[in-house]
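6 protein chains.
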Amino acid sequence: MRSGADKFLGELPEIAEKFMKFRNAVMSEGKLTEREKMLIAVACAVAVRCDACTEKHAAEALKMGIGKDELKEAAAVAALIRAGSAMNTASRIFLD
Amino acid sequence: MRSGADKFLGELPEIAEKFMKFRNAVMSEGKLTEREKMLIAVACAVAVRCDACTEKHAAEALKMGIGKDELKEAAAVAALIRAGSAMNTASRIFLD
Amino acid sequence: MRSGADKFLGELPEIAEKFMKFRNAVMSEGKLTEREKMLIAVACAVAVRCDACTEKHAAEALKMGIGKDELKEAAAVAALIRAGSAMNTASRIFLD
Amino acid sequence: MRSGADKFLGELPEIAEKFMKFRNAVMSEGKLTEREKMLIAVACAVAVRCDACTEKHAAEALKMGIGKDELKEAAAVAALIRAGSAMNTASRIFLD
Amino acid sequence: MRSGADKFLGELPEIAEKFMKFRNAVMSEGKLTEREKMLIAVACAVAVRCDACTEKHAAEALKMGIGKDELKEAAAVAALIRAGSAMNTASRIFLD
Amino acid sequence: MRSGADKFLGELPEIAEKFMKFRNAVMSEGKLTEREKMLIAVACAVAVRCDACTEKHAAEALKMGIGKDELKEAAAVAALIRAGSAMNTASRIFLD
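Protein chains in written order, with the working numbering: chain A, 1 to 96; chain B, 101 to 196; chain C, 201 to 296; chain D, 301 to 396; chain E, 401 to 496; chain F, 501 to 596.
Derived from the structure by calculation, the hints contain no laboratory data.
Backbone N, C-alpha and C define an ideal beta-carbon position, used for all residues, glycine too.
Treat the hints with care, since some could be wrong.
[Claimed, not checked] Straight-line C-alpha distance at most 20 angstroms; calculated SDA-like pairs for lysine to any residue:
1. D:LYS321 with C:GLU217
2. F:LYS507 with F:ASN524
3. A:LYS18 with A:ARG35
4. C:LYS207 with D:ALA325
5. C:LYS231 with D:PRO313
6. A:LYS31 with A:MET64
7. E:LYS468 with D:ARG335
8. F:LYS568 with B:THR133
9. C:LYS221 with D:ALA316
10. F:LYS568 with F:ARG535
11. E:LYS407 with F:LEU595
12. A:LYS68 with A:ARG35
13. C:LYS263 with C:GLU234
14. F:LYS507 with F:MET520
15. C:LYS268 with B:THR133
[Unchecked claim] Listed next, the stretches of chain D that the computed footprint assigns to chain A, with coverage defined by at least 3 CB atoms under 8 angstroms from CB atoms of chain A:
16. 311-325
17. 331-339
18. 365-378
19. 384-395
Generate the whole structure from the sequences, applying the supplied hints.
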């Protein structure tokens with residue numbers, strides 16, 4: 001599956017090369033495992049409401065052996081945080 | 101209370117004049133009352149997570165006689181929609 | 201119309217049950233009427249730029265007897281707030 | 301630390317009770333551990349750019365024994381996804 | 401190409417008239433040229449992740465003689481800022 | 501001025517090094533000049549509503565000799581696009 005982001009990067013080879021190195025530094029094993037980072041990537045794709053990112057990273061996650069049941073729990077956290085973040089803003093109603 | 105938006109518009113008088121006419125057309129009574137529109141404005145300020153907008157429009161709403169209890173119910177709708185919108189994106193996990 | 205959010209919740213029955221109770225508490229009559237809350241829901245769906253949410257809540261609103269003319273006025277408020285919120289951020293240009 | 305969201309929920313006890321049950325269903329151990337969910341929560345707080353959420357969930361994560369080094373790697377994934385999501389949109393430049 | 405925004409404005413003629421005057425004041429030559437403003441419009445469309453806006457403004461930009469190579473560089477800036485903005489939020493992990 | 505993003509990157513030296521190379525590739529002269537890219541960066545910072553990014557990039561722009569009058573026109577484009585993007589979503593009200 002070639003995403004829109006892949007097509008965009010294909011048009012900007014010099015920037016793409018640098019972006020992919022940044023991507024690899026972020027997504028490769030560090031204190032967190034690659035599996036944990038991929039779960040986080042899917043959840044963040046949902047949090048920013050990017051359909052294409054969610055499809056792409058979910059497909060990558062499944063290929064790594066992460067189950068759909070895990071992905072959907074990760075996505076539920078994203079939905080929760082979106083609601084909670086609005087409640088922080090909502091507290092500004094009560095400033096005097 | 102002079103908001104950041106007010107300061108910004110003060111720097112761009114010609115654009116500000118046009119924006120205020122747009123604003124007034126949007127916020128004045130039509131099929132919806134001014135009170136309904138102000139409730140919606142506060143909820144949308146929460147939905148886009150703008151602290152300054154929420155403070156400003158909540159203050160305007162209170163001046164119009166809208167109660168804090170009404171504003172907080174409006175804000176709760178905003179939080180709900182933020183969670184629900186993520187669930188639409190999350191359904192992309194299940195595409196095959 | 202079964203939305204993506206409905207499908208997602210169908211995959212997570214335990215979380216879905218809790219979410220629907222939260223949803224019902226938020227959307228049922230309180231200080232605001234169900235009609236006012238549905239108008240706010242449509243506007244917030246536009247404010248967060250969720251196509252699927254806007255379609256779903258607009259359909260629900262029409263079923264409740266809210267007119268398209270009312271919905272479009274609510275949506276215009278959402279567009280206005282999105283512009284205004286950026287103007288608050290824009291005022292940071294003038295910090296010294 | 302009492303966040304804005306906590307204050308807001310304190311104003312809406314009936315909705316708060318339902319929201320906390322939803323929250324607990326989302327955040328408690330399932331296929332993912334509580335630790336994994338908390339990491340995801342911090343990353344999603346960064347992804348939606350909520351300062352208050354990031355502070356609160358980072359503090360909760362540290363209390364659970366998650367290290368700052370882990371949190372910062374999770375946050376880097378959030379930043380990456382925000383860039384990548386824009387690249388999907390950017391590909392619309394090349395539609396003919 | 402008639403966008404969704406065009407259709408929406410077609411439904412609200414009075415608001416549309418005011419909005420178009422605001423739009424024209426913003427987009428016409430001032431200290432910045434129309435070309436610079438159109439480049440900025442495309443980048444902002446990418447920054448807010450609006451597919452329809454990106455398609456529309458990219459088409460307008462091409463008609464004005466702006467090249468695709470220029471548009472893609474503008475879009476890359478949008479992606480960069482989206483990542484950088486998350487890093488500002490991420491710094492809240494390190495508050496003590 | 502050391503921004504939150506700078507502090508965050510200071511905590512992740514390996515990722516920071518890759519990110520800065522990506523940043524430099526994006527922001528250095530190509531088909532667009534550095535001045536044009538900085539104007540776009542400020543507008544995108546406003547479009548994503550990042551106060552810290554707007555302050556930082558506005559300061560950088562001023563140092564490069566870009567005037568405040570130019571920055572405020574760029575920011576006005578960002579506000580316009582935020583409103584227009586919502587109008588695209590709003591058109592979903594009229595689907596049948």
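We went through each hint and held it up to the structure:
1. D:LYS321 with C:GLU217: holds, 10 angstroms
2. F:LYS507 with F:ASN524: Roughly 18 angstroms separates the two Cα atoms, so the pair holds.
3. A:LYS18 with A:ARG35: violated, 23 angstroms
4. C:LYS207 with D:ALA325: holds, 18 angstroms
5. C:LYS231 with D:PRO313: Roughly 14 angstroms separates the two Cα atoms, so the pair holds.
6. A:LYS31 with A:MET64: Holds, at roughly 18 angstroms.
7. E:LYS468 with D:ARG335: violated, 45 angstroms
8. F:LYS568 with B:THR133: This hinted pair is violated, its Cα atoms lying about 39 angstroms apart.
9. C:LYS221 with D:ALA316: holds, 11 angstroms
10. F:LYS568 with F:ARG535: With Cα atoms ~13 angstroms apart, F:LYS568 and F:ARG535 stay inside 20 angstroms; holds.
11. E:LYS407 with F:LEU595: holds, 11 angstroms
12. A:LYS68 with A:ARG35: holds, 13 angstroms
13. C:LYS263 with C:GLU234: holds, 12 angstroms
14. F:LYS507 with F:MET520: holds, 13 angstroms
15. C:LYS268 with B:THR133: With Cα atoms ~15 angstroms apart, C:LYS268 and B:THR133 stay inside 20 angstroms; holds.
16. 311-325: holds (count 4)
17. 331-339: holds (count 5)
18. 365-378: holds (count 8)
19. 384-395: Our answer is that it holds, as 10 residues pass the Cβ test (under 8 angstroms) against chain A, meeting three.
The structure fails hints 3, 7 and 8 (numbered hints given earlier, in ascending order).
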